[in-house]
Every structure is written in structure tokens, then in C-alpha cells.
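Enquirer: In case you want the letters, here they are:
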Amino acid sequence: DTGVSQNPRHKITKRGQNVTFRCDPISEHNRLYWYRQTLGQGPEFLTYFQNEAQLEKSRLLSDRFSAERPKGSFSTLEIQRTEQGDSAMYLCASSDYSGGTTTDTQYFGPGTRLTVL
Amino acid sequence: SQQGEEDPQALSIQEGENATMNCSYKTSINNLQWYRQNSGRGLVHLILIRSNEREKHSGRLRVTLDTSKKSSSLLITASRAADTASYFCARGTGANSKLTFGKGITLSVRP
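One line per chain: the protein sequences are A and B, in this order.
Per our numbering, residue 1 is the first one in the first sequence, and the count goes up by one each step.
Per our numbering, residue 1 is the first one in the second sequence, and the count goes up by one each step.
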């Protein structure tokens, strides 16, 4: 399967610990997005990369959150000093952006479910 | 913050019936995308409609877009029990094409 993959699928951690998630986009997709989804809500945009450049961060992304995409392929999302309010599904999506925003289809991975105790 | 509304919030129909779900939004869009999500899983892309398109079909799916009313609808014809899921409309806006989602519509198809 050549879809978007995310690891781990589930993560349980204690408050105050750091966690890191990984996303592998569809091969050769130049855009990569991170979203967060809480129970009963739709996903909310966190940040996105075009190749290795992080071009936008949502105000939802506090300074405890950091994302990287060092070689323009996979990306990591790290949360430092986790809080119970960080419990959510973290979703990654990728797209093949060729300059036409009207056709920028985003394909999502299965998500990483984080539970902070 | 999330913009727009999906309607209804929940829909329960019998297998074989059609399901119509509506989505409204507040700001201009580049495109509108519909996704399906089974419980606790990732989102599956269903269909994308551009801001200059009015209707699009894909298999049993039909999507319409009315930019003057800032609304879209998703029609699933001849529904199946396997269509049971949450459905989201997502507005693609700006140069970054980030998606803005609503709360979703829960569809239950009774066998």
C-alpha cells in the first residue's frame, strides 16, 4: 500500500512526558499537513510543509509543539511536556501540489491516537 | 475555529434509500472536499469539487456546489450498510489549501 502511513497508531503517556509521532506521506507528494481531531469534532489544521519548509503554523500549535520535515519526505510532530488537553487523534495528510490550489486533494493517514494520563 | 455547518448532524436511513447531506460555509473557497471516516479511523477522500464547478459524480456519489449560497450537498444513492460512517465537508482555502472541517454528519444505514 502506498498511502500515507503514521506511527505509532496509539500512544499512551503520562502528563509531562514528551512524545513524537511520525508521518510518511505518499511518495513524491510535496505537501504535508498535520491536523488534530478531538472526539466529536472535525479535524483542525495545525501546520503544513511544502517540501522541507514549514510554511504555516496554526495558533493551536503552542510552543510545546514542534514539527519537522528535514529532507522533504517524512515528518515528525513532537509534543513536549504533554498535558491532558493534548489527548486527541493526530492526523497527517499529503498532497501533490503543482500550483493549482483548486485541485489540491489531501490524502490522510490512519492517525495517531494520543492519550495523556 | 471551524467555519460552516453540516446538516443534519445525524441521519438514519434504510439500506437502499438515498442519503443527502448538506454543508454550508462562510468564506470564499478554492475547492470543497468530502471525506468519510469510520469510527476511530483516518479520513477517506471521497470527492473534490472546484469552486468553478457546480456538480460532480463519482460512482454512487453526487456532489453539488452553489457558491452564491455558499453551500454544497453530498448525495449517496442506493445506500449500503457499509456506508455507515461520519461524513465531513472540508473547505480548501488560501494558497496553502489548508482544509477547514465542520463537525461532521453521522450516517447510519440500517440493513
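If you are wondering where the hints come from, they were derived from the structure by calculation, not from laboratory data.
Every value quoted in this text rests on a predicted model; they were computed, and no experiment measured them.
Glycine included, C-beta positions come from ideal geometry on N, C-alpha and C.
It is possible that part of the hints are untrue.
[To be verified] Computed footprint of chain A on chain B; a stretch qualifies when at least three of its residues, placed anywhere within it, have a C-beta under 8 Å from a C-beta of chain A:
| hint | segment |
| --- | --- |
| 1 | 14-27 |
| 2 | 42-54 |
| 3 | 59-72 |
[As the list claims (entries may be wrong)] When the alpha-carbon atoms are kept at most 25 Å apart in a straight line, the in silico DSS-like pairs for lysine-lysine are as follows:
| hint | chain 1 | residue 1 | chain 2 | residue 2 |
| --- | --- | --- | --- | --- |
| 4 | A | Lys57 | B | Lys26 |
| 5 | A | Lys57 | A | Lys71 |
| 6 | B | Lys103 | B | Lys26 |
| 7 | A | Lys57 | B | Lys69 |
| 8 | B | Lys103 | B | Lys70 |
| 9 | B | Lys70 | B | Lys26 |
[To be verified] Quick partial rundown of chain B residues pointing at chain A, CB under 8 Å, derived from the structure:
| hint | residue |
| --- | --- |
| 10 | Phe88 |
| 11 | Gly92 |
| 12 | Ser97 |
Enquirer: With reference to the structure, classify each hint as holding or not holding.
Expert: We went through each hint and held it up to the structure:
1. 14-27: violated (count 0)
2. 42-54: n = 8 at 8 Å, threshold three: holds.
3. 59-72: It is violated, with 0 qualifying residues against the three required.
4. A:Lys57 / B:Lys26: Distance ~22 Å between lysine 57 (chain A) and lysine 26 (chain B) Cα, so the pair holds.
5. A:Lys57 / A:Lys71: Given pair lysine 57 (chain A), lysine 71 (chain A) holds - Cα atoms ~19 Å apart, limit 25 Å.
6. B:Lys103 / B:Lys26: holds, 15 Å
7. A:Lys57 / B:Lys69: Roughly 30 Å between the alpha carbons, so the hint for lysine 57 (chain A) and lysine 69 (chain B) is violated.
8. B:Lys103 / B:Lys70: Answer holds: lysine 103 (chain B) to lysine 70 (chain B) is near 17 Å, not above 25 Å.
9. B:Lys70 / B:Lys26: holds, 7 Å
10. Phe88: holds, 5 Å
11. Gly92: This hint holds: glycine 92 (chain B) lies near chain A, its Cβ roughly 6 Å from the closest one there, short of 8 Å.
12. Ser97: holds, 4 Å
When held up to the earlier numbered hints, the structure conflicts with 1, 3 and 7 and fits the remainder.
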